[in-house]
Each structure stands twice: as structure tokens, then as C-alpha cells.
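Let chain D serve as the given structure and place chains G, P and B on it in line with the hints.
Residue numbers (my numbering), protein chains in the order written: chain D, 130 to 174; chain G, 661 to 881; chain P, 2 to 226; chain B, 42 to 268.
It should be emphasised that the hints constitute simulated quantities derived from the structure, not laboratory data.
Don't take every hint at face value.
What the hints assert, rightly or not - Here are the simulated DSBU-like pairs of lysine-lysine, each with C-alpha atoms no more than 35 Å apart in a straight line: (1) B/K111 - G/K858; (2) G/K674 - B/K111; (3) G/K855 - B/K182; (4) B/K182 - B/K111.
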Amino acid sequence: MDTLVWVIITNAVVWIGLGAYLIFLALQQHNLAARLTQWEMLRHD
Amino acid sequence: MLELHRVARLYGHKVVFRDVSCTCAAGSITLLAGNNGAGKSALLRIMAGLSRPSSGTAHFTMPAPRVGYLAHATFVYPALTALENLTFWREAYGLDIAPADLLAGLERVGLAAHAHEHAGVFSRGMAQRLNLARVLMLEPDILLLDEPGAGLDADSLALLHQEILSARKRGACVTLVSHDLVNDVPLADRVLLLKAGKLAFNGPVTHFRELAGGTEQACCA
Amino acid sequence: MLRLTLAVARKDLSLTLWRGNGLMQALLLGLLIFFVFSLSQEVGENLSPQSAAAVFWLSSTFCQVLIFNQLYALEEVNNSRLGLLLSPAPIPAVWLGKAIAGFILLLFAQLLFLPAAVVFLGQSLHGPLPPAVAILLLADTGMCALGSLLGALAQGQAARESLLSIVLFPLLTPLLLAGIGVGAQIFGNPSPNGPGAWMGIACAFDAIFLATGLLLFSFIYAGEE
Amino acid sequence: MRSLSIVPAMLVLSGSLTFACCQWLIYSYAPTEATMGLTQKIFYIHLPLAWWALFSFFLVFVGSVSYLLKRAPGADRLCAAAAETGVLLSGLALVTGTLWARKAWGVWWTWDPRLTTTLIMWFIYAGYLVLRGLNPPPQRKSLVCAVVGIAAFLDVPLVFVSARIWRSIHPAVFAAKDGGLEPEMKLTALGCVVSFGLFWAGLLWLRKRQLDLRDRLDTLASAAQQQ
Numbered sequence: 130m131d132t133l134v135w136v137i138i139t140n141a142v143v144w145i146g147l148g149a150y151l152i153f154l155a156l157q158q159h160n161l162a163a164r165l166t167q168w169e170m171l172r173h174d
Numbered sequence: 661m662l663e664l665h666r667v668a669r670l671y672g673h674k675v676v677f678r679d680v681s682c683t684c685a686a687g688s689i690t691l692l693a694g695n696n697g698a699g700k701s702a703l704l705r706i707m708a709g710l711s712r713p714s715s716g717t718a719h720f721t722m723p724a725p726r727v728g729y730l731a732h733a734t735f736v737y738p739a740l741t742a743l744e745n746l747t748f749w750r751e752a753y754g755l756d757i758a759p760a761d762l763l764a765g766l767e768r769v770g771l772a773a774h775a776h777e778h779a780g781v782f783s784r785g786m787a788q789r790l791n792l793a794r795v796l797m798l799e800p801d802i803l804l805l806d807e808p809g810a811g812l813d814a815d816s817l818a819l820l821h822q823e824i825l826s827a828r829k830r831g832a833c834v835t836l837v838s839h840d841l842v843n844d845v846p847l848a849d850r851v852l853l854l855k856a857g858k859l860a861f862n863g864p865v866t867h868f869r870e871l872a873g874g875t876e877q878a879c880c881a
Numbered sequence: 002m003l004r005l006t007l008a009v010a011r012k013d014l015s016l017t018l019w020r021g022n023g024l025m026q027a028l029l030l031g032l033l034i035f036f037v038f039s040l041s042q043e044v045g046e047n048l049s050p051q052s053a054a055a056v057f058w059l060s061s062t063f064c065q066v067l068i069f070n071q072l073y074a075l076e077e078v079n080n081s082r083l084g085l086l087l088s089p090a091p092i093p094a095v096w097l098g099k100a101i102a103g104f105i106l107l108l109f110a111q112l113l114f115l116p117a118a119v120v121f122l123g124q125s126l127h128g129p130l131p132p133a134v135a136i137l138l139l140a141d142t143g144m145c146a147l148g149s150l151l152g153a154l155a156q157g158q159a160a161r162e163s164l165l166s167i168v169l170f171p172l173l174t175p176l177l178l179a180g181i182g183v184g185a186q187i188f189g190n191p192s193p194n195g196p197g198a199w200m201g202i203a204c205a206f207d208a209i210f211l212a213t214g215l216l217l218f219s220f221i222y223a224g225e226e
Numbered sequence: 042m043r044s045l046s047i048v049p050a051m052l053v054l055s056g057s058l059t060f061a062c063c064q065w066l067i068y069s070y071a072p073t074e075a076t077m078g079l080t081q082k083i084f085y086i087h088l089p090l091a092w093w094a095l096f097s098f099f100l101v102f103v104g105s106v107s108y109l110l111k112r113a114p115g116a117d118r119l120c121a122a123a124a125e126t127g128v129l130l131s132g133l134a135l136v137t138g139t140l141w142a143r144k145a146w147g148v149w150w151t152w153d154p155r156l157t158t159t160l161i162m163w164f165i166y167a168g169y170l171v172l173r174g175l176n177p178p179p180q181r182k183s184l185v186c187a188v189v190g191i192a193a194f195l196d197v198p199l200v201f202v203s204a205r206i207w208r209s210i211h212p213a214v215f216a217a218k219d220g221g222l223e224p225e226m227k228l229t230a231l232g233c234v235v236s237f238g239l240f241w242a243g244l245l246w247l248r249k250r251q252l253d254l255r256d257r258l259d260t261l262a263s264a265a266q267q268q
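This is chain D alone, in the form it adopts within the complex (with noise of 0.2 Å):
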């Protein structure tokens, strides 16, 4: 194979990587944005 594309294939990995960690840290602050206006909805009860 290619050097080059070795090369991207490479970079493309690590990037895959640290944006399945951001997409995984989105969806936590989904649900804990979701948490917080339950939370809010029942304290004005």
C-alpha cells in the first residue's frame, strides 16, 4: 500500500478515536441537560 495513504489512514484512526470521546461526552451532557430540566420541573411543582 501506499506510504501516503498509510500515513491518513493513520491520522484518520486517532482522529476517529478522540471524536467517538467527544460524541460519548455529548451524549452524557444530553442526558444530564435532560436530568437537570426534570429536576427543574419537579422543584416548581
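Below, chains G, P and B alone, put in the same frame as chain D:
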């Protein structure tokens, strides 16, 4: 003998109790009462120095007191004989007691005949008597009891009460966690009542009785 | 402090060696590992000295995890842990006592594993023995110092053995490399460097984790439920 | 509700952007290495990953020590966030390392001391994360994790030295990878490390803040339950 100052205990995020201040004097029996989950055992562990309060301070007023702690768990090694159990605890606590006195200690709790039997075959009552022998061997200055009577027969219970009273006579500071207020209130000099995360009552037992026949009932329920 | 240490060590040894099924489980597991690896040899062929040394230390490590699990489980039966914590002696004495008991048990197990390496893996002992014995003792010391510190960590958890293994195994890597490196030399794979460098590693490991155990044990071994 | 600071998100973004700019340095400014050719360019992403992973583990160590001293729950959460990012980055460093070895020397794995140390660290801290995922009483879990966090970091230099001796006893098959770097290469590598550091700081900050938020929500929930 024992002083707690604004002690609080958290379990994760949950406040078990907070702002508990009290003192326990030498030669007195303090009854620690409260519902399930009120944190009686947690408070007793803090008194014993087994766990740190989440805030506040707990300390002994005398230097290096001997602390005896008797809980539901028997601290017994099933594969050792009664005498070996006691010998181990003597070594672990660094006490200088002759083997003959260890046997006398077993005699005192009525286990002399079983000294060379493995503790694994003991009934709960016998194991708890062995545990009591361990505590008595210490001659504790501070005696902390966490419902040690649960599941004991009448004889063992009577022995326990007798030893609690003689500890008071000796000048020890006794704290007793109890569910069984009807039986244990008569022993006590003072009462601490934990309720809704706070110390709801802290005073002499006579006052506690006057205050609420009702509270007593509520606690027993 | 010394009295509590000796009391714990003596009690643990007598409970594991003479009462109950004690060391059997750990020994059998270790011997089974030797047997399974003997299957990797083709007819008329022996495992290379290095592989044999690796198998020896693999067995020892598994054995050590089981030993420390068992030693700390003794206090869980009737919650005697609290009884030990109430002792006026400093808590690290318990760590030292358990480490000593574990050390003797591990050495005992290794006495059996060595002939197993000779029999199942077709090894013979070459080379000077004193450095081999020294590295064995040094590696065992480090393993027990760390094992005794972390043995209490899984207290009250399900699947304690596997939890302890995954935390302990990678931390023991330097000792395992040292043990395997010197072991290979003893089984007849001479190296120009000799065991000197490995001794240094093992000593450093021992020093660091003996100090860590002494300092940090009381945080792990506590009355918190 | 007080709106959250945008600083960490900006850090992540600016880290990515500057790292993108570094690509120019990597491919135009730095000379192509004589023996390995283009493959050596992997080095410029491998190095920052490994460095910041190691630094994350150092943070776990610092956080653990400060937790044991002060018992501040925040230190415990810092350890959690740093261990996570550390495992992520060292995992990626391992992947780039194997890909590099495969292209440069035709093998997937070399027992290079640095790569070996990274692998062992990954194992150690992955185990640490497993420990964190368990559910013992909260205060006890923090204490146990702090002790393991300290022991783990003390182990790192030992692992490195032993991996080094391990290799020198067996004749070295491969020479040191990046012994003599040309000045341009050094500058490029430095740029990559710094810009990736921005990204790393943002990531860590985001995760730490998230854990703080979760903790506060838990507190509110249990307070509400008690009333």
C-alpha cells in the same frame, strides 16, 4: 470521656445525620436510639474511631483509652478454637494476660467447657459470648455496643446486661445502640435520639421518659 | 506494632496451612498451568528456558493473587477486620503481617513449582544458584508488599479474584520481567549481562512498594462500609 | 441556570485548528526522513499522544495524593477525568505505534521500551477505570482509587527501566527510532505537542466539568429525596 462536636456523616450525597454534639461521661450508660437507617451504627463507629466523620470532630478526653466495641458481627474466626481466638486477640491488642486468666475469662462468659472447641460449631449465642470475652479481656475504658443482644437467648442476654452494669460500676463510659427500648431504657442514664438526620433528644433518661411515653412507643414500632 | 504483625502472620499461616483447604486451590491452579504449557511442546522437544521461566512466574503470580485474596477473606467472615482496626497498634502492622504470611505461602508454593518446571517442561538447573535465590526472594518480597496492599481493595466486591488480577498483574510487570530474565539464565540461557541489572530493578521495586504499603495501607483498610 | 463557560470547547476547537495548521509544518516544512521516508510523519501524531497520555497519568497521581491529604471530592473527579483521557490517548498512541512499526519495519509490534511502557500503562489504567466503574460505598471507592492511582504512577519508571533492560539483553533488532532529529523536525514536533496539548486540556476540562455537574445533580436529587 468521649466528646463529639458538630459531627456530620454523609453517605455519598446523602446526609445521614449532621450537627451531632454530645459528651459521654465516665461511669454512665448512654442509650443511642433511633429508627432504622437513622445512622446509629454509623455514629457509634465514629465514636469508636473506626470511621472518620464527614465533618466535625470526635475525640477522647483521656489519652490512649482502651476501646471495646461489640457489634452484631461476632469477630470470631470459625477455624480457631475459643481459646485460640482469645489468644489471638490478646496478641493483636498487645495485652499481657496469662493463659490461666484467659481461661478465667472464658469461665466468666460460661464457655470454659468449650475452650478447645472450634468456634465454627458455636451457636450465635456462644459466638457472641466469646466476643464478649474478647471485649472484657480489654477492660475497656470506653465500651461501645451496637445491638449485641440481637438473636441471643435469655441467658446470654442476662449475662450481657450484667456485664454492662459492672462496666459502669468500674467507671467505664458505656454507649449502647438499641432497638429494644422497653428492655434497655431501664439500664440507661442518658438517652440520645437520632431522628431525621439530627440529634432530636439529648438528656437524662428520666427526662426522656417524662417527655414521651409516645416517643418510646414510636421508636419501638 | 511487631506483636500485632506477628499475631496476624501466625494466625493467617495456621489458618491457611493447617485448617481448611488452605493452599490447595492456589497450588492446583499453578500446577495446572505447568501441565497446560507442557502440551505446547512437540514430541522430543523441550520448552525454551525463557518460556519455562515465564510459565514459572505466571503460576507464581496467579498463586499470589489467590493467596492474598484468601488471606483478606479470613477477616470478612465475621467482620473481624473491625476488631483488628481497634487495636492500639498502628494499622500498617496488619499489612506487614499479611505480607509475611503471604511471602511464606508463596515461597512454599514455588518450592513445588520448581520441580514441576523440571518435570513437565523438561528443564534442568544451570548457572550459579545464589543470584537465582536472591532474585526469587527479592521478587517475592515485592509481590507480597504490593499484593498485601491491594489485597484489601476488593473487600466486599463480587468477583474479587479477577478484579485483583487485572489491577495487580500489570503493576507487577517489572518484577515479572526480572524474574523471567534471571530464571531463563538459570534454566540454561546464559546472558552476557548477568543478573546484576535485574537485581537493581527488583530492589528498587521492593523499596518503593514497601514504603507505599507502609504509608497507604491504612487508607484502604478502614472501617468504612 | 448559569450558562457554562465556553472556554473548554474553545480549547478543543483551537487545538484542532492549530493541529490542522501543524499539518503544513509536517508535510512542507520538516524534511522527509532519509531511511523511513514518509512513514516517519506518523511520529508527529504519535509523540503528542504519548506525551499527553503520560501527563494525564501524572495528573491522576497528583489528584490522588491531594485526595488522600484533603479528601476533596473534586480531586477524585479530576482523577476520573484524567484517567479516562489518559487511557484514550495511550490507546491511540499504541494504535499509531503499531501502524508505524508495520510500515517501517514490517512487524506489528516492536519491544521498544517506550512502546512497551505505553502498553503496560494502558493495562494499568484500564484496570483502574474498571475499578472506578464498580459500585462500592462512595467514600471507600475514592480512597481505594486514590491508592491505586499512586501505586500505578510509581510503577511507571520501573516499567520503563525494566523494559529497557529486557531489550538490551536480547540483541536489539531495531535501532532507536528517533535518535537524531533535525532542528526542523524538532520544531515541528514541538508545535504538534503544544497544539495537541490545547486539545487535550479542553477535553479534560469538559469531562471534569461534566463529572462535577453529575455530582451536583446527584446531591440535589438525594437532598430532594430526603425532604
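Verification of the hints:
| no. | hint | in the structure |
| --- | --- | --- |
| 1 | B/K111 - G/K858 | holds, 26 Å |
| 2 | G/K674 - B/K111 | holds, 20 Å |
| 3 | G/K855 - B/K182 | holds, 28 Å |
| 4 | B/K182 - B/K111 | holds, 16 Å |
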